[in-house]
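**Student:** Between the sequences and the hints, there should be enough to build the whole structure, so can you do that?
There are 2 protein chains.
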Amino acid sequence: MLVTARADEGMWLFNQPPREWLRTRHQFDPTDAWLERLQKASVRFNSGGSGSFVSEDGLLISNHHVGADAIQKLSTKEKNYLQDGFHARKPEQELKCLDLELNVLQSIEDVTARVNAAVPKEADAASAFAARRKIIAEIEKESLDRTGLRSDVVTLWQGGAYHLYRFKRYTDVRLVFAPEQQAAFFGGDPDNFEFPRHCLDFCLFRAYENGQPAKVKDYLRFSPTGAQDGELVFVSGHPGRTSRLLTVAELEYLRDQALPYRLGVLKRLEVLLGVWSARSEENARRAKDELFGVQNSRKALDGRLAGLLDPELFSAKLKAEADFKARLVGKPEFAEALAAYDKIAEATKIQAAQAVRSLLLEGGAAFNCESFGLARTLLRAGDERPRPNGERLREFSDAGKASLELGLFSEKPIYTDLELLSLADALTFFAAQLGVRDELVQKVLAGKSPRDRAAELIHGTKVRDVAFRKRLYEGGASAVAAANDPMIEVARLVDEESRALRKVAESQSEAKQQAHAAISRARNAVLGTTGYPDATFTLRLAFGTVKGYEEDGKPVPPFTTLGSFYERAKEMNHRPPFDMPGSWEKRRSRLDLKTRYNFVSTVDIIGGNSGSPVVNRAGEFVGIIFDGNLQSLSWDYAFSDRQGRATSAHSAAILEALNKIYGAKEAARELVNGRR
Amino acid sequence: MLVTARADEGMWLFNQPPREWLRTRHQFDPTDAWLERLQKASVRFNSGGSGSFVSEDGLLISNHHVGADAIQKLSTKEKNYLQDGFHARKPEQELKCLDLELNVLQSIEDVTARVNAAVPKEADAASAFAARRKIIAEIEKESLDRTGLRSDVVTLWQGGAYHLYRFKRYTDVRLVFAPEQQAAFFGGDPDNFEFPRHCLDFCLFRAYENGQPAKVKDYLRFSPTGAQDGELVFVSGHPGRTSRLLTVAELEYLRDQALPYRLGVLKRLEVLLGVWSARSEENARRAKDELFGVQNSRKALDGRLAGLLDPELFSAKLKAEADFKARLVGKPEFAEALAAYDKIAEATKIQAAQAVRSLLLEGGAAFNCESFGLARTLLRAGDERPRPNGERLREFSDAGKASLELGLFSEKPIYTDLELLSLADALTFFAAQLGVRDELVQKVLAGKSPRDRAAELIHGTKVRDVAFRKRLYEGGASAVAAANDPMIEVARLVDEESRALRKVAESQSEAKQQAHAAISRARNAVLGTTGYPDATFTLRLAFGTVKGYEEDGKPVPPFTTLGSFYERAKEMNHRPPFDMPGSWEKRRSRLDLKTRYNFVSTVDIIGGNSGSPVVNRAGEFVGIIFDGNLQSLSWDYAFSDRQGRATSAHSAAILEALNKIYGAKEAARELVNGRR
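So the sequences go chain by chain: A and B.
Using my numbering, read the first sequence as starting at 231 and increasing by one per residue.
Using my numbering, read the second sequence as starting at 231 and increasing by one per residue.
Hints are not guaranteed to be accurate.
Which copy? The list can't say, so a pair holds if one copy fits it or any two copies do.
Unchecked claim - Straight-line Cα separation of at most 25 angstroms, SDA-like style, residue types lysine to any residue; simulated pairs: (1) Lys398 to Phe258; (2) Lys547 to Leu670; (3) Lys784 to Gln313; (4) Lys547 to Glu669; (5) Lys816 to Pro806; (6) Lys579 to Leu670; (7) Lys307 to Arg805.
These are calculated hints, taken from the structure and not from any lab test.
**Tutor:** The structure is reproduced here in structure tokens:
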């Protein structure tokens, strides 16, 4: 089977680290201080991604592709920081991001018992969901009021446990340094998820408090020598989602329906944005970040689907489930767990039956543009905010208010032409998916073609004006209604069905969570309580070794070098996306070409880990995760270190580039010294 | 409504030209000789496309993108004629195409009565289809034996008429001249279907007979001055398919199911081939022609879907059908025609229900690679050839034998890596569409992942060896079985269901044809017999005027110039696909930049018309059709000259480029003189 007995598998909770395994396998015994420092130096990008503090003056490092969203929002046609890079020599030159929120985990509290106690035993799924939502909102609000910290109750083990995570929030975050995107993402989509690789995928931000660089106690010492072949390394970051504990019924749904459908949506968008980008440089600039996201997801999902279509992986899943069930059969104490498999299959079937309409309406695929998202948030804020905290849709809870408002009132640029393109395409997709005879389609299109209707809505709405949004948000439902904004009225048109679909989906999720909780209990009883829950964008600790692998009978060494970077560009005739930035062509002679550039390790990661620090036993920063290879894409379902690898940029290359390519001496010095 | 009363609409049959219209509207009365010359100078590319003779020595002109398939097959990594262009100064340098077949229409005979008489009145659809297939094969064979000419019975008016078309075949066709693809297809996919436009989309071939340049009596005189603003022009070519006479039920099926589904397939392929092409120059070369085809279809289908989603177009269709039905109601002689609408709806429903499996199996989308196509042809040839001519699958009829063998024994290059890529993707699609639990999917995958199974089949099959194909084709079914070739055995595995699906589809098509024939008779009785049948890749005559249009309130002039070509490249910073070939950069100063380059006209065309000559009243060649604008894409369903335009390259630009950019004096001289 794929998972060898000895693989360094796992995305471990910081409050349940794999001490025994580390001790026996790697003779390493992390102290509480070691763990706490790593935890508190780890930063979550709320926009999706990870990072870490690397100086006591709030300097933090992440991937360029994690920061790209923020950099894109700071860029214009004239000042294209995404393309040309950015470099602040002094704090006063640092650029404040428009709506970036960073979270740093301060504490974890197990609230499973309190959450479950509030859910009546015999309640149906919908009532159980409502009760659970209520108690979670209550716990979060209580914690926020008491500590002032962002407080999220997170679901672990698919519903087996509920933990309260408290975060320090930073919302004044400033851009310090970014290389050109062409250096950060050299090789573009063709080289994405491949190895050997040559990407300077990092950028630097600084967290501010009260208008001053934040003073942080816990940060990582930056290692100028960086990762070594064969050494044990750790990754602390925020893996977004894995599906390793799903039942076979859930995996089959993903394999046969959900993934193929989502891939169709992604490929449609990829063609749309690609064609539009090709028509002008400015189009390309405007769509770049979104197009990257689409291509990245497409490649990841293609890889995940290939994983599920691999009979080796899938038959192991079938066997594991059958074996485990066999151990439960005939034991009354496990009857509930056994029955849980059928409940999960049933709930999956109900969700599958409405999946297309759900994706189109509640998922917003029928209206894929920023204006619609803003319009719906305004509409729902008007309806939700007067309700008691525990009865609102989750995103409108008191605990989430600050984050919601940060996004809603962001001054980020929204491009009318891209909005038009996206909405016309989305409405076409909507009509094609449900058929023009569908009543809701007819109401939405209002007798017009998708293109004409999109133009009418995008030109007619005022939601792209922040002052308008503030006015409606503060004025509540009556102000929203009085505005008679066409986009908001479209959001209203679909809201009843959209909410109904969401309610069914949430009820079935609740049913699944209860079933998974039963399975989880049985697993603990039969197999013991060791292990780690599936990833849920919560902080995790993973570990492994720096190590190459074999492919098509040939060894793939663990490191690339700055020298092989130049070779790769030459081999591809510098044809985009294998064209080097001018800075690298000009200053080649300054570089030590033997400097390690990118490297692979057996650390268990997944999307969301991007930007995670790679640290050695001494807790030093030796590299930064930015990708996995193609063979790692099936890690969503099962880990294997046979060929799957995590890909990082090496700390030595980061220093070399800052010093010799970019002349960013101040930043380099701060990294090495850990202070300004 | 879209179609103004005065639009020059129509793709007219050469045996039913719109004489009256031309006389009254344009004061033009084409003589029989004028028509016959144009007909016999018109050339059909069997690979899909049109062209025309332009010299008595067999020189013929078509689009570069029509010839690209043949040019691609002549190209290698070292001699990339598609990219670099080609130029033979003497006949002995001309390159023989590997499997190109040209057809020149010699005569048309109405065989409707004979075909219908052979179909028993009360037969069910399946028997009626078999009877019709039998009589058609008989007529074709008889004609072939008697005249030696390729003889095709073509279906017109959706089944309202059957005509016997006799063609002279040319299979020794040699490449004379091709510009660089970057000149022919400047602006690539982004500018495709757009106007203003700057494409030198032509190439020259020569037809040979008995090893010598063919002597042709009917060819077009090439006009050095070319098309003029406002003049009446004619287009003689082979529009592939229009759907203007479909019923509302058929159009709704296209709009809500068929087109969205096919677009999904195309976008999937576009991403696959695009990503693969980006990984190396040689990949890009190998996939180029196929990628162009996919992108071209995608853009066309996106446009057609937009047309059907335009309420103006669709409500006109609804109204026209309702109005016509109203005229039939209550009249016993039209009862059959009225009932025909329901029969068509019913047949469409049956076809729709099996459309996905049909496309995957009989359409081959589950195995999208050359090797599978060859394997299936070998398998079926073994089974079909021993049967009586009239009972075979149509492509194995005696009349089609020569064309079938030309393709089957072609020495064209087939690239293993591209085959692997395509088949692995297709098998993934197959599994995702039907689900892994599907019995046929399981049999085809044989317990392997799509990628592993694709590798096994592509590496295991011998069908890419022409000698092997010849041996199996000649050896028949027993030789095919004895070969035990893995790809042929996969074709056998799916053949039973595939044939069953085809049988249903063909029976339902027969049912539709009979129904359409009834509607056609009623239409003739009620509205008169004027008009033209939907396009079916048969030779048609269309006409219109050279004329600009208005877009977003601004006039779009009818001509671009060589000067505006340079401006466009500059405006796009010469970024691919807006990079000019070196030849054009170097020799700019030689050119008369005021020379007309591309132009638009109101001529009614569609895909398949590519390469059609544009001729003036004098019957002179004044340009070559290569595209339509975005607004013309809905012409599949309804013609409108409000904004829709056909796009051509101007004859003056062709001469200017041959003389001054390419130094191809011999070719230019032959064009002007009409002889070598």
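**Student:** Taking 25 angstroms as the upper bound on the Cα-Cα distance, should Lys816 and Pro806 be classified as within, between, both, or neither?
**Tutor:** Answer is both: 18 angstroms inside a copy and 24 angstroms across each meet the 25 angstroms cutoff.
**Student:** Please work out whether the CA atoms of Lys398 and Phe258 approach to 25 angstroms or closer within one copy, between two copies, in both situations, or in neither?
**Tutor:** neither (30 angstroms within a copy, 83 angstroms between copies)
**Student:** My question is about Lys784 and Gln313: at a cut-off of 25 angstroms on alpha-carbon distance, are they close within one copy, between copies, both, or neither?
**Tutor:** neither (36 angstroms within a copy, 34 angstroms between copies)
**Student:** What label fits Lys307 with Arg805 when the C-alpha limit is 25 angstroms: within, between, both, or neither?
**Tutor:** both (23 angstroms within a copy, 17 angstroms between copies)
**Student:** Should Lys579 paired with Leu670 be assigned to within, between, both, or neither, using CA atoms and 25 angstroms as the limit?
**Tutor:** both (24 angstroms within a copy, 23 angstroms between copies)
**Student:** Since the copies are identical, ignore which copy is meant and state whether Lys547 and Glu669 lie within 25 angstroms (CA to CA) inside a copy, between copies, both or neither.
**Tutor:** between (42 angstroms within a copy, 20 angstroms between copies)
**Student:** Cα distance capped at 25 angstroms. Does Lys547 pair with Leu670 within a copy, between copies, both, or neither?
**Tutor:** between (40 angstroms within a copy, 22 angstroms between copies)
Checked against the numbered hints given earlier, the structure breaks hints 1 and 3 and satisfies all the rest.
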